[in-house]
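2 protein chains.
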Amino acid sequence: MPKIKFTPQNKEIDVEAGANLLKAADQAGLYIEGDCGGRGTCGKCRVKITDGGKIEPTTAEKKHISSNDLESGWVLACQRSVDQDIVIEVPIQKDAHLRKTTLAGGVEDLTAEPMVEKAAVKLSRPSVKDQTADLERLLDHLEKPELTIELRELSHLPALLRNNSFAVTAAMAGSRIISIEPGDTSDQIYGVAFDIGTTTIMGSLLDLKTASVQAVAATTNPQNAYGADVISRITHASESKENLKQLQDKVIEAANNIIKDLLKQTRVARDRVYEVTAVGNTTMSHLFMGVDPTYLAPAPFVPAYSRVLEVEASELGLKVNPAAMITFLPNIAGYVGSDTVGVILAADMDQRKDNCAAIDIGTNGELVLAANGRLMACSTAAGPAFEGAQIKHGMRAAAGAIESVDYTDGEIKLSTIDDVPACGICGSGLIDAAAALLDAGLVEPSGRFINPVENPEKVPNHFKDRLRSGIGGYEFVLVAAKDSDTGDDIVLSQGDLRELQLAKGAIYAGLMILLKEAGLNEEDLDQILLAGAFGNYVRKESALTIGLLPQLPAEKIIAIGNAAGDGSRMALASKTIRERARALPHRVEHLELSTRTDFQDIFIDAMAFKDSRG
Amino acid sequence: MPKIKFTPQNKEIDVEAGANLLKAADQAGLYIEGDCGGRGTCGKCRVKITDGGKIEPTTAEKKHISSNDLESGWVLACQRSVDQDIVIEVPIQKDAHLRKTTLAGGVEDLTAEPMVEKAAVKLSRPSVKDQTADLERLLDHLEKPELTIELRELSHLPALLRNNSFAVTAAMAGSRIISIEPGDTSDQIYGVAFDIGTTTIMGSLLDLKTASVQAVAATTNPQNAYGADVISRITHASESKENLKQLQDKVIEAANNIIKDLLKQTRVARDRVYEVTAVGNTTMSHLFMGVDPTYLAPAPFVPAYSRVLEVEASELGLKVNPAAMITFLPNIAGYVGSDTVGVILAADMDQRKDNCAAIDIGTNGELVLAANGRLMACSTAAGPAFEGAQIKHGMRAAAGAIESVDYTDGEIKLSTIDDVPACGICGSGLIDAAAALLDAGLVEPSGRFINPVENPEKVPNHFKDRLRSGIGGYEFVLVAAKDSDTGDDIVLSQGDLRELQLAKGAIYAGLMILLKEAGLNEEDLDQILLAGAFGNYVRKESALTIGLLPQLPAEKIIAIGNAAGDGSRMALASKTIRERARALPHRVEHLELSTRTDFQDIFIDAMAFKDSRG
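As you go down the protein sequences, you meet chains V and B in turn.
Per our numbering: the first sequence ends with 1175, consecutive numbering throughout.
Per our numbering: the second sequence ends with 1175, consecutive numbering throughout.
No lab work stands behind these hints: they were computed from the structure.
None of these values were measured; they are calculated from a predicted model.
Some hints here could point you the wrong way.
Claimed, not checked - Listed below are several chain B residues computed to face chain V (Cβ distance under 7 Å; list not exhaustive): (1) LEU684; (2) PRO687; (3) LEU708; (4) LEU721; (5) THR855; (6) ALA858; (7) ALA865; (8) TYR866; (9) VAL872; (10) LEU1152; (11) GLU1153.
All residues carry an ideal CB built from backbone N, CA and C; glycine is no exception.
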């Protein structure tokens, strides 16, 4: 069996002859970036063969790797099968950068209403005159004879009582005793709230006695190895039960890593975490629960379930108290998941009286409109452009990503996350860049670069070298090779602009359809809420410049941060809020846009870069 | 590592040097009889070393094995550690013989009231106009939106619906959907009722649509390898969590073998078994559930729980439908278990109006009295004498056991189970033999053999050779070596009579205490019910002769068969009866005899063989 050595991580594995290198890396526990699920189209899974036979580059490699780099041994991992011992250099990944993850958010003003209650008791000792069984003795003392108990806890109850002078604490969730602990632990009630994103998984540890966040942690969703988008993952999962299990195992493992991190930060014991909530899009929910997501992909996009799922931690293998209830908030529809439910909770949309729209742009774009007591939602195939996928030099919001671009005084100015040399462009940078190039007159409202040959007068001298002919049209050099981190020019291509147009057109059109169904016009909106990390960083002016948002005063557009995750925290902190979540699948009207011709009409019209600034 | 070969079973295993031979046999899957849990006191784990070094006999071996047999290589497996390769001959065990296990019993007149209900449905197909999720589509159709579903079933629901044209059957237990099956399976609802005896485990498969028994099966309780009595097993379990797990694994494995047998007999699919009930003494209940039984052994004999335990099959590893609910009927006290609850149900003791006592003699003796609307119960340390343990040539009721002994026309006549040459004596034979020897004047009411030297005139000539001096007193030869299956004389010893006196005295005294508490005399009893296999085979006349039972007309003494098992079947067949069982721990008054001086007084008095015949 061929051996693969990965450097600088210094991991070795043996693989079957013919094994795929990308999968082998995954097997070795190495995460190699990639967006296309191994199809060879994104060109991001670059690794370097430093020892082992040379082989002819594939078409995909020729497309994505310069001939110099090919000569040096760079390949696309997804394109390579391994037939002999090789040594591979894997570039160190820049982890998804959590630009502003704080302890705050979502739970500041909440009254703590944990589902779990604790009672510390001191029981009388049994005697020949009082032979009451241990469990009944405990329940009598709690004055709750109707409670049931986990067999796991009952099994060691006799010794626990006698080793602790019959002084113990019972943790109760609803009608169940989920834990019996030595002594008085009644001040220790913890929970973890997850936001299971397609790209990033975040977790918060809450003290449920005070509804306060004690620690946060995040990690890349390791399902990325099976494709950056949900469709790739649904496809993979639909191929076999083993594949579905594999994807579930990946996300559970990541969640466990986050839990471990949270427990380490706070020195809370694993068994003291009694409740877990999670939000995520409908596909993430299915994969987390190990439920077949196959029929989410083709029309009519039907989920296996909408309701809240409640499952014991032990059934999922989550490493908290084994009897902890894992509550995944409900889905609204195949492409409107519990992440949107989280946004609705965080923004109080099920309770507020004004007309308010929320836009959550993640790998997909979900929109919610609260108007006249109604709640409506839809999803748009915005594509992952705002997360850097499908964009030539696109990347997630990590160190070195161009995050803002400004056209001022005839000059284009950029800044990167962490102020380090640029290695790509993230979503907010993309919108800024398009807006800046529109302002500079280099891009037409139709989305085409102006033709510098036909219109040389429109291109200022200092831009002449930067607006150049590229593959599939013109491209603009944002950062020259000499100044970049990658040693290559970083450009915005005509293709990139087209991706942006598709994405922003879909979101705009989705919002228009919601307003139409509610009988409203855009000026009737009291607020537009921008949810998600993206919402925090996009500049409203740029969003208005490119027509991503309707024409509204900038003060009515409000970034509300990671509202999905905040909703998860709120549902964890308060059972009242959890009940609000439970009711939402019945309450939210879902609009399916894919078959509506009125949506198509607005969408096509909305792709143009029309300036919405007042 | 030394190798052990077991013949004629032809099994080989490697063991650590110094491994105990009895444990090694258990590990190899061979059941070697034994009552003392490997302490060397019962002398029953005889095996023959046919190849491998000779070694000095231990004290225990010298006590239990003749010098001829020691010479031939016979040893006690529990006394031997294995340090070199050896070949062992293991005598073929005669399995506990189920003398009269029939399909009848306990459920003939019941109305079927299964907990599980089924509904066959045909759902409308989803469309873009109706994107309702699969689960909600099913629940809407069932008109039961409040039901929860097992994740196991939800996970494959999408494919199940689409592969079966949306025609499926839902199996529901209370508020849970436990199974979703292709097509219409609504006529298939099965359950298994267990009787977990210390010695024998029995199971019955019921068709729950008709409350009819379809098949029965039984096996020896493999926990026997850790001692015949509950105290040995409690001791073993209390030593470590691993030991407890080991005992649980043994009984679950045996239960699974029974289930396999039942399914094979009836060709019912495993997944169509949705409910399981079980009864057993309190220790068996704890060990089945894997709950620490340590504090059952010492006073005040406190169980971990009394109530009904309900656990999913998957949690216990029982191989029926994984979501099937396993219901272990409740315990009354540490030594009055759900087997007694089964007796109460089977004999309708919680509902009848007359004064009625039930005696269940198994490894222990439990007694119940229903009188004036009260229900009282106690247990007596009758010891396992009636099951053949502690009796010199005692054995369980299997082929070759002397089961009846008669003194007629000055002669003692015997019969054995299956009419084969005798190899020992079982409980009913023991009582008969004592009664016959009392009738023959060879045993005094005090329980002593008459002294044939002092009273030669009392010994008829044809008995002179048979009443002879043995270890610890006289003994009577029931079967001479030339007629026995073992090639040895089969005798009833003075020690055997003493064991019988202790056992019968305890039971009689227990019954008297119950009557005293109820303010009744023995003549107030309308019926005495004899439960258990023992009750079926003991001859009332003999029981009255030796004073096991109080002086009542024989027609008031009624054998009711395996009432504990019948109670398990009844609780399985009818949820109403299960609710009756649930109420019993609160209703039955338990009397603890061990500390009562009035019990001791009656007990000592009751040990004499006073004739109760009218």
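Taking the hints in turn, this is what the structure says about them:
For B/LEU684, the shortest C-beta to C-beta distance to chain V is roughly 12 Å, which exceeds 7 Å, and the interface hint is violated. Interface restraint check for B/PRO687: the shortest CB-CB distance to chain V comes to about 5 Å, inside 7 Å, so the restraint holds. Given the 7 Å rule on beta carbons, the hint for B/LEU708 is violated: about 10 Å separates it from the nearest Cβ of chain V. Because the beta carbon of B/LEU721 sits about 9 Å from the nearest beta carbon in chain V, more than 7 Å, this interface hint is broken.
Because the smallest distance between the Cβ of B/THR855 and any Cβ of chain V comes to about 6 Å, under 7 Å, the interface hint for this residue holds. For the restraint placing B/ALA858 at the interface with chain V, the shortest Cβ-Cβ distance is roughly 11 Å, beyond the 7 Å limit, so the hint is violated. The beta carbon of B/ALA865 is positioned within 7 Å of a beta carbon in chain V (closest approach about 5 Å), and the interface hint is therefore held. Below 7 Å, beta-carbon pairs count as interface contacts, and B/TYR866 has one with chain V at about 4 Å; its hint therefore holds.
The interface hint given for B/VAL872 holds, since its Cβ lies 5 Å from the closest Cβ of chain V, which is under the 7 Å cut-off. A hinted interface residue such as B/LEU1152 counts as satisfied when its beta carbon comes closer than 7 Å to some beta carbon of chain V; here the least separation is about 11 Å, so the hint is violated. A cut of 7 Å between beta carbons decides the hint on B/GLU1153: the least distance to chain V is about 6 Å, and the hint holds.
Hints 1, 3, 4, 6 and 10 from the list above are not met by this structure, while the remaining hints are.
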